[in-house]
Amino acid sequence: MIHRDVKPGNILLAYDADTQRLVSPRDAADSTLNVPGRGAVGFRVLVADFGLAREVDAGTALTLSGMIMGTPQYMSPEQALGETGRVDARSDVYALGAVLYQMLTGRAPFVEPNVWDLIKRVASEDPAPPRAIVPALHLDVQTIVLKALEKDPDRRYATAADFAEDVRRYLGGEAIAARPRSRAYHACRWLVRRRAVTIPAAAVAAVLAGVGVYAATRPGTFAFDTLPPGTIVTIDGRRVESLDEPAAVAPGRHTLRIERADHESAILEEYVGRNETRRIERVLAHQKGDVVIESDQDGLAVVVGGERHGVPFRHRLDTGRQVLWVQDEGFYRRRVELDVRTDRAATRRVTLPRAQVWARNVPDWSHLNPVGDVDADGVTDFISSRYGVNLLVVSGRTGEDLREIPVNIPVNSFGELIDGDGDGVREFVTCFREAGGHAFAALSPRDGRPRWLVRGQQVLTRAEAGMLADGDAVSADAFAVRAFADFDGDGAQDLLALLDGGTLAARSSRDGRELWRHALPHASFFVVARESPDPVVWFADWIRTIDGADGSLRWERRFETPITHAVLYVASIRAFAAVIGDTLVHLDETDGREIRRVRLDPAPKGSFQFHYFSDLLIRSEDGTTRCWNLAAGKLLWSRATGMSHDEWEARLTVDVPGGATYWISEDGRSIAAWDLPITSEIWTFAADASIDPHPTVGVLGGRRLLWLRAGSRLIALDAATGERRWSYEEQDPISFVSDPVDFDRDGEADLFVGTAGGLLACLDPDGIERFSARVQPPVRDVFFYDMDRDGLMDFLVESSGGPAAVRAPKLLWRREAAAPIRGGPIVADADGDGAPDVLIPMKVADRGYCGLHALAGRDGTTLWVQGDYDMIRKVAVADFTGDGVPEVVAWHPDHVLPIHDLRTGALLERIAVPSFGYAEPAAADLDGDGVDDLVALGWWRDGAYAAVSGRTRATLWSGNAGAAAWSGASFADVTGDGRPDVFASFRNGRVMALDGATGDLLWEAFTRGMNDAGVALAGATTAAVNSLDGTLYLFDARTGESIGAIAGAGGSLCRPVAIGSEWIAGNARGLTRLRADGTVVWTTGGDGVNSEIAVADLDGDGALEAVAGTVKGAVRCVDAATGERRWEWSAGTGEAIEGGVALADFDGDGVLDVAFSSLDRSVTVLSGRGRMPPGRDEDF
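In the UniProt record's numbering, the protein residues as written are 1 to 1180.
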């Protein structure tokens, strides 16, 4: 009989549940074993599941040829290959060997998750030796097992009886047949012989033999399932492959080593007995490394794991990647990521950009409104009211009072800001009391005087006109005046005022003239809100439309009984809806005729509150909420809530664009979304903290989201499904969430979040923090406006203590020097991290000359400083060694060019040149050897110049220009030899073109003034020189022939930039774009430009921008095609920018940023984001 499916699950040992012992032998099928050290033991063994068995001599095969039958982990190779003709008793011997293998090692010979991979291994690979898994096993046991598992059936035991006999030999101390030994070996084994094992049935005996071996050598196990992922365990030097499964070992003492990355390792000596499982639980101590945070700023704090520490910060932290926050009130906080190691301290010097420009603890202020640059300091100023009486004009730069305008304006009265005279500053148009009546005026924030004034008016208050809502005592003295619409077509909203006697008067906000008067039936009115210049007013039993152009009556409709509730405009049917008792009346908006009359059931009764959204009227009455469709006059749904009106208002949010209402549960921990028209539940979301009753709804990143404030966490849900999109958590409770705002005008909105602790954070559409700042706490509201014209919306943050002005993060970082900086920045990857850094020559306090500084592009921290050089211009960066890493070239007064390693700043060598110079060295491959060469233009010795080989450091050629050079050389191939030629200009007016290979003069020309700006090239066709005589000279780059001279287009240190056949040049008028014939395409005007210009697509919108610094210290960015100003930034020092600007994405946001240096002793990096909108500032 061939079983063909021998496996552990088919071998049974009879067990007596009553005695809790194995059943003793009962017949000849049972076996008795004499186990050394234990005596005779008996087992009753059963072999089960003969479903695949067949007789050895059967004439008909049970399965078709080529079919695989059996359990893959225990089947023989011939079964795995489907060779049914080769399956015989030796196949069962293989399966018995596999069972014994698992009993000894704890696993099958082959383990694979994929059955076909498993079959492949069974058929082709040898199993791992058992002693490789359990080293304590005897070599003879391994030999027996591996013989049973031979791939070739002829090399296996021929029968199970042979298999059992070899096992008996081992247990009896005899030499095994599987591995013939010498006679000495047989003799030694004979000395430890034991009684023979009887084998009444071969197959059962083989199984029992395996049980006997297992009983004699059964292992102990170590369990490691409580150790964290990533832990490595070795036992006696052998690694444990899987910590999810117990590791079998021989009984006895073992050495365990437990390791994990960035943790201290542990060595344990553990004893395990036979059949014992020892669970290893060990917490490894994390390795520590030194972390140092330093700063030149006072008062900074480092936050690690929620704990606050002072700066300088010197602590030991866990090794690996660590994230720290450096912060201080009034500054943008900075996220610092460090790789903490045991062998060296992780050090970072941090400078935080200032965020809070000013803050005032003045709780009696009302909201500040931007009015324009009142004091002409380049920053938007504000106007507000104090105590509801006086007007206060506040400096946007400092937050201080510019002036206070005394005027008797009741609380909640009308006030409109209008730029009536077009000077960029808006006047405050209002109505106020004075002796003999009332007056209308437009008050100038500049001096407090009225630009126009109308006296002798008798204006009713809201209380006198009966226009107060229940409980609105605060507005009782407010005038019945409001801004309505642009009646006279001058672009400004005009005034509607109710005068004594019931006359409605319209007055121009721009010049104060009265436009028209209209007599009302009563000395009261309410205005219906709609998009139209024609006022629709109603009161008591009448409603009428007034022509906004002349005040004439368009139509009037009177009713038999008074209007019960407000008149609403229903846009979908272009009609007005009035509720009169239990009837809803629709009136055509054009002539007032009645369109429809619908009885409301149930009828509105008593007092109620309502929300009006589009065509829906939602109201709360007696604890029941009802929703009507006003267009159809149909009750959509009614829902009993059992809530008071205040509770109802607090727990209901209506989102008409999203088509849903959101209800906060009574316990405040869940929110449900209901379909707005039919009030069926769409979804429910449960939070683990109380939800603020006023969620925010809006579109962010193309999705409609609902933001919930739950303690210190902000949760973003998909408004349609309730699915959690993301969450953002801070230490303090979330106190404010804005509507989505495109503060940088890049076409994608962001979300602003404020906390009770004074954190203001900007989140992108995925909830990732873009930036955050500590401001005056708590953050209650934020208003957005472009305070400083830098193209980014700045923030006016309101707290319980008063307002604070926060400048948007245009300034990425700024470093101070000890002397003015005239050399511009150069961008290169100085630390090898793949991000741009800044190379700049500048003087610091402890050095006599300018040092060459490498500053980290991300935050301006110093990477290295080298040299004491008299440098006031740029450095050069090129690969002069051919190793793929550029070097840095500077100037030294000893007529040498020092070459420094870009990564470390180390001085590599010094190259001698004919003369010291201020002009920046320039690099290009002049000799065609694949390595950049250097061109140095001298200042001393009548402008001696030279070209030096980058490969050999030998002088290629040299000469003398007869005058000093201020700017470095330019390159273009005008000879057609495939090598760049050299262009230079000098202070004697000389312009030269030199053959790059030989230094021979190709051509020269002269201008009337000094040429300090260098030569600009438009490919290899045109050369342009910006001369200090105020002229832009154009030459044929191949011949030197004059093409033109454009007066007034030059006169600065600014090297022009070519865009096609046109030029952008800097001059006293700012930036100018010109054609070759001198035609001006555009001019920016404003302050002159004296620095080099950078032209690139900063924001990736496909349009080029031009960026340059001005003589008053501003950086200006304009559209290169139109000259339209994109943004402008100024530090307010008034010191010129001479060294030019450099562009790179320093903060990694995908937008090119701007680096520049200034005579105000600073080097600065600005974000390239931002765009100024047309027209006046927006107050969001």
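One or more of the hints may lead you astray.
Taking lysine-lysine pairs in the DSSO-like style, the calculated list, with each CA pair at most 27 Å apart, reads [what the hints assert, rightly or not]:
{"hint": "1", "residue 1": "Lys-288", "residue 2": "Lys-120"}
{"hint": "2", "residue 1": "Lys-147", "residue 2": "Lys-7"}
{"hint": "3", "residue 1": "Lys-7", "residue 2": "Lys-151"}
{"hint": "4", "residue 1": "Lys-120", "residue 2": "Lys-151"}
{"hint": "5", "residue 1": "Lys-147", "residue 2": "Lys-120"}
Ranges of calculated distance between the beta carbons of each label pair, as one might list FRET restraints [what the hints assert, rightly or not]:
{"hint": "6", "residue 1": "Trp-325", "residue 2": "Gly-252", "range": "50 to 56 Å"}
{"hint": "7", "residue 1": "Arg-953", "residue 2": "Asp-833", "range": "27 to 33 Å"}
{"hint": "8", "residue 1": "Gly-378", "residue 2": "Pro-229", "range": "35 to 41 Å"}
Just so you know, the hints here were simulated from the structure itself, not pulled from any lab data. These numbers come from a predicted model, not from an experiment. Backbone N, C-alpha and C fix where the C-beta goes; we use that ideal spot for every residue, glycine too.
Consistency of the hints with the structure:
With a C-alpha separation of about 48 Å, the suggested pair Lys-288 and Lys-120 falls outside the 27 Å cut-off, and the hint is violated. At most 27 Å may separate the alpha-carbon atoms for a hinted pair to count; Lys-147 and Lys-7 meet this at roughly 18 Å. The straight-line distance between the Cα atoms of Lys-7 and Lys-151 is roughly 18 Å, inside the 27 Å bound, and the hint therefore holds. This hinted pair checks out: Lys-120 and Lys-151 have alpha carbons roughly 13 Å apart, not beyond 27 Å.
Note on Lys-147 and Lys-120: the hinted pairing holds, with a Cα-Cα distance of about 20 Å set against a maximum of 27 Å. Between Trp-325 and Gly-252 the beta carbon distance is about 53 Å. The supplied range of 50 to 56 Å therefore holds. Taking 27 to 33 Å as the suggested C-beta distance range, the pair Arg-953 and Asp-833 conforms, at roughly 30 Å. Checked against the hint of 35 to 41 Å, the C-beta distance between Gly-378 and Pro-229 comes to roughly 57 Å, which is inconsistent with it.
Violated hints, listed in ascending order, are 1, 8; each of the other numbered hints is respected by the structure.
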